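Protein chains in written order, with numbering that gives the first Met the number 0: chain A, 0 to 145; chain B, 0 to 145; chain C, 0 to 145; chain D, 0 to 145.
Treat the hints as calculated values from the structure; they're not laboratory data.
Some hints here could point you the wrong way.
Repeated chains share a single entry, so a pair holds when one copy, or any two copies, can fit it.
As the list claims (entries may be wrong) - Quick list of in silico lysine-lysine cross-link-like pairs, BS3-like style, CA-CA up to 30 Å:
hint, residue 1, residue 2
1, K137, K69
2, K101, K69
3, K101, K7
Keep in mind it's a predicted model, so treat the numbers as computed, not measured.
Number of protein chains: 4
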Amino acid sequence: MTDRIILKNTTETIIRFSEVDSMAVVWHGNYVKYLEDGREAFGKQYGLGYLDVYRHNIMTPVVELSLNYKTYLNYGDEIIIETGLVDTLAAKIIFNYSIYRKSDHCLVLTARSVQVFVDKEGILQLTNPPFFTEWKEKLGLNTGES
Amino acid sequence: MTDRIILKNTTETIIRFSEVDSMAVVWHGNYVKYLEDGREAFGKQYGLGYLDVYRHNIMTPVVELSLNYKTYLNYGDEIIIETGLVDTLAAKIIFNYSIYRKSDHCLVLTARSVQVFVDKEGILQLTNPPFFTEWKEKLGLNTGES
Amino acid sequence: MTDRIILKNTTETIIRFSEVDSMAVVWHGNYVKYLEDGREAFGKQYGLGYLDVYRHNIMTPVVELSLNYKTYLNYGDEIIIETGLVDTLAAKIIFNYSIYRKSDHCLVLTARSVQVFVDKEGILQLTNPPFFTEWKEKLGLNTGES
Amino acid sequence: MTDRIILKNTTETIIRFSEVDSMAVVWHGNYVKYLEDGREAFGKQYGLGYLDVYRHNIMTPVVELSLNYKTYLNYGDEIIIETGLVDTLAAKIIFNYSIYRKSDHCLVLTARSVQVFVDKEGILQLTNPPFFTEWKEKLGLNTGES
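Isolated chain A (complex conformation) (with noise of 0.2 Å):
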């Protein structure tokens, strides 16, 4: 099963001296920051940042995060961080990422978050908020109803 891209996103960052570890790469863990850079970039272009959800009193806690390393990133890198909303119908804002560096457009790490709707009490939403429905009915994508 692959994932249907639906609305994507391209950004790019630069590497960081201190987001490189003692072995003069890209600490691992430091990526999920670029995920973050890319999945804000695709929130500013589409409306659905941060900021857009936090007014409708909704939070969007990332659940799951998947990454596979392909190669290394060295300081001062610059990279392209492709973002792409994955088709689904379920109460989820499922991305999938590709990190390319720019240099040589080599493919550096893929990555697939799944974030959920919650409420401001901390409720799980099992159905997609009203203003999520709306979002994509703006964007002509589609929302399950007929």
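Please build the complex by placing chains B, C and D on the supplied structure of chain A, with the hints as guidance.
Only chains B, C and D this time, still in chain A's reference frame:
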């Protein structure tokens, strides 16, 4: 298919203020540090620490990492990190992790990491390096040799 | 003018792999975490932790921080953090810090932080908030009142 | 005594979600990263980057760092980092920094760092290494030689 755990370490840590995000819970990327704490505590107990391995001119980069978040952690929470070595004959080190909140022993996170063996020139080792086979033998673990 | 220390805490921590940079020494910015560890251990011992203060609707942001690096720390080093409260009648909390490597008790860093009192609306408190004066009295410290 | 700035770089960055603490403002320790961003942008502009220096078998560890916090930064804020090289004949690199919020050009932080020259064996260089004197000459800066 369930992972079979053949060696286990249990260690503890406490959540720092700087690890908590604006939702007042641990930022999801910081769990990667706790997993590394667990892995290194395992290494210390059984003689498989980062420096033990490095002495053999071998590095063990993480190539796969998956995390499943069950609940939240707050500033000051004490946590228990259980790190289990998974039985495999492949030239890999696979760990399973469970993180519990100490106060109520609530399961907070499960995770799994896969590491490979790479030499100083960055060449992937397709079979277990000698020091690792010896380490397994010393601990009475299955090395795949009869 | 030397700071007069009126209360002191000593705590310990250990250097994480992710805190070391490509020079194989602790990245200089990570020391700010160890200072916060020291401050919070102080707060725990004397009842002046971040949550103790927050309960009075007061926050104590750091407004000045200075660090003097004496030598390096490596991955796995155990350190001793000494945190001393500086005598002052101003509406401030001033700490002095010394970090030592545990193995040889070598002085690694000295530092100093200044915190002020701010209420929930973000208004700077020009005099010590009542809870802080009471805290000083309880511990037999000089409150500036005869 | 005021520092005399003889070369200046201006760069920009944006506050990440993971850099904000539970008070919804940038955690005070994260500013050290922005200062490093400024220093590296300076190095890129004038040919004094970390890798430029390292090529001469010299490292330039930070030995003093002081920060003065003027106001807060929130998630998503864009900031301007001004990094100025301070005039000195000592065998040191001294930078002054000002960080501004871009939206209203409000001054957020001032800081100062002192770096020394250390060779590969970790020996402190008591006079400016040749590459640094040449770098100063090339840029028309005072090298202390008539």
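Hints breached by this structure = Hint 1 is the one this structure does not satisfy, whereas the remaining hints hold.
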